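Residue numbers (our numbering), protein chains in the order written: chain A, 1 to 321; chain D, 1 to 346.
No wet-lab data here; the hints were simulated from the structure.
Watch out, some of these pointers could steer you wrong.
[What the hints assert, rightly or not] Estimated spans, in silico, between C-beta atoms of each pair:
id: 1; chain 1: A; residue 1: Arg69; chain 2: D; residue 2: Gly50; range: 29 to 39 Å
id: 2; chain 1: D; residue 1: Pro296; chain 2: A; residue 2: Leu66; range: 47 to 57 Å
id: 3; chain 1: A; residue 1: Gly302; chain 2: D; residue 2: Ser51; range: 47 to 57 Å
id: 4; chain 1: A; residue 1: Asn204; chain 2: D; residue 2: Thr320; range: 48 to 58 Å
id: 5; chain 1: D; residue 1: Lys49; chain 2: A; residue 2: Gly302; range: 21 to 31 Å
id: 6; chain 1: A; residue 1: Asn204; chain 2: D; residue 2: Asp117; range: 50 to 60 Å
id: 7; chain 1: D; residue 1: Glu108; chain 2: A; residue 2: Ala138; range: 50 to 60 Å
id: 8; chain 1: A; residue 1: His299; chain 2: D; residue 2: Glu312; range: 37 to 47 Å
id: 9; chain 1: D; residue 1: Gly50; chain 2: A; residue 2: Arg90; range: 31 to 41 Å
id: 10; chain 1: A; residue 1: Asp174; chain 2: D; residue 2: Ile204; range: 23 to 33 Å
id: 11; chain 1: D; residue 1: Pro85; chain 2: A; residue 2: Asp284; range: 33 to 43 Å
Bear in mind that the values here come from a model prediction, so they are computed numbers and not experimental data.
No residue lacks a Cβ here, since even glycine has one placed at the ideal position from N, Cα and C.
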Amino acid sequence: MSTGTTTLDVVVSDVVPVNELVTRFHFRRRDGGLLPTFSGGAHVVVEMRDGDRTRLNPYSLMGSPLDTREYTISVRRDDAGRGGSLFMHRQVKPGLEMVISYPVNLFSLDLRAKKHLMLAGGIGITPFMAQTSQLAGAGGNFELHYTCRTASLGTYADVLQQRYGSRVKLYHDDRGERIDLDRLLSSQPLGTHLYVCGPAGMINWVRDRAASLGWPLETVHFEHFAAPQPGAPFDVTLAVSGKTIHVGEQQSLLEAMEAAGVDPPYLCRGGVCGQCETNVISSDGKFIHNDHWLSEEDHRSGCKIMPCVSRFEGKSLVLER
Amino acid sequence: MGITFRKETFRDDYTFRNSPDHIRRFPFPFNEDSYMYAVNIEPHVVGPKGSVLENLIDVDEHYVAEMQDRALVLAEDPLRCQSLPHMTLAGWDLLELLMEQQALGYPEHFTLERNGDRWRWINRPLGIDDTFTFGDTSTLPYGPMEYITRQSQGDFCILDQRDGNLWMDAGMVTTQADWSLDFDIGMNFFEWHAPVPLAHEKGIFTRALKFLTNIQQGKPARRLNWTMTINPRLDTSPENYHKWGPDRATVTPENVGQKVHLRVELQSFWRLPRSNAIVFPIRCYLIKMDELVTQPKWARRLHRVIRDLPEELATYKGLTRYRPTLVEWLSKLDDGSPTSPGFGPD
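Produce the complete structure using the sequences and hints provided.
The following block contains the structure:
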């Protein structure tokens, strides 16, 4: 993890099952000191040593930014994913020494807002745990709408309701409850900022409706770290480092570069921060752009790729790295 | 061993001087015989002992006098310090950063004691011993940004980050080279850089913004900038142009060495943890020509840099009126020998 951020040596101080899918992990500094202060919405990148493979996954910090004796993250188990969450659930036990990055915030509160309207879906609740703590401590005005599949999968719903009462509204899919989004968005006071974190479909829905209802772009904030999608293996030539590498089915292009000793910068590893942006020198084939960083025009041009989440299908690909 | 603080002025009788140690530690900004803009940003890490980079926030022999000058500026013009309402949290971030760094670097002069939210700050050079509640503005005599920047050398711009841009939404600016916080407050990065010539064409600002918005906690960065000032005036603001502007017509071959000062800004960039804002301290160092040319390498190099400076830059930096006089004076100290690489004196 040489190029992203400064790192922290931590020890896992507790592992707490939250429900059938989600587990919470607590980290403390190995030297016993305080961890760096952070702001609501920040994430850390957790380094996982899984045999000869190193995985680097970003997770939102969910504790109060005012308490830096420990960091907490919550990880939803994805049985069909690439293995990071399974590693966390199966291999990470109290006492394990790990390395995590300094906090990075790509989902910051806009402190000019008169009111913060938060919409969470599923595990997308985690950044709001810290943001609501921060706002509550400062007397900020917020309202949280949280959708989950069932009451038992409403991760921290009970905690939030206990802390914030009627400022938290829950919606359970299995009971057919839906956010009345148009009504919600139409009834907000001037100066409200909207924050959404959850599955891609939910984010798109909320952004589309907000745009149609005339919300200015700069008042709508969203966070979606796309996990890298598996796909057909492909080969890439890296012009600057003079290497040809193979990207496996379950591996991202960024991970394959790192495994080959090439270290592009990164912050989010989820296609949103722009750090790993790479120029394409030549290509013969089709790009599968999964990022939220490049413009549609960039995607069409075939001149740029985000190696953290995007893939390629075709005969040849040469990148400037 | 503590610092011996000089008793001196930056106005009226201009008693400002650098001690011999401080001449040698001056952050000379030219590492070659010519100058052009570059995105000369590097990690802000601790440098050699005895240099201005020995600590990440530098306190030097001019500290007490600079803080007195700041108080005079603020008494005349309170708008030199402004903070939009959403920036108070960033002000607390800055207070913590500056107290921590000053106490860490100069324990004989500053002490920070924390007991939960109850903090005690002792500033011996200024005779301050205050106890306050971190986060509670009512427990300090000023807002947190103003409180700590009345006790820290250099100007401070706090930049809010949103919509992929940086916004100058708070600051303490009393030692500036002809720009105004009151004018720039609320502007974004491109707006406040609009007057700078040449750099836009080179795409420098687009790249610099991308770099700055990605500054991470725990990884500050820095760059040097420079200009020249006639007389050792810290406050060369547009608001006071009528006071310092005419000085530029007073340079003669006889007084160059005393009047003309190289003004170097050590700018650093830090991500603030609670607010996710960026703070941009601009630390100003002044040195008069007579002091600077005690280092022969600097004399030779400065001659070449000023002589060959592109006209647009000389105009932007306000050197036009006295450049020929200065170049003529410096030329007598340039024997044509090569200068050694790097910034430092030989």
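A quick look at each hint next to the structure:
no. : hint                              : result
1   : Arg69/A <-> Gly50/D: 29 to 39 Å   : holds (38 Å)
2   : Pro296/D <-> Leu66/A: 47 to 57 Å  : holds (55 Å)
3   : Gly302/A <-> Ser51/D: 47 to 57 Å  : holds (48 Å)
4   : Asn204/A <-> Thr320/D: 48 to 58 Å : holds (56 Å)
5   : Lys49/D <-> Gly302/A: 21 to 31 Å  : violated (52 Å)
6   : Asn204/A <-> Asp117/D: 50 to 60 Å : violated (42 Å)
7   : Glu108/D <-> Ala138/A: 50 to 60 Å : violated (36 Å)
8   : His299/A <-> Glu312/D: 37 to 47 Å : holds (39 Å)
9   : Gly50/D <-> Arg90/A: 31 to 41 Å   : violated (54 Å)
10  : Asp174/A <-> Ile204/D: 23 to 33 Å : violated (56 Å)
11  : Pro85/D <-> Asp284/A: 33 to 43 Å  : violated (55 Å)
Violated hints, in rising order: 5, 6, 7, 9, 10 and 11; the structure is consistent with all others.
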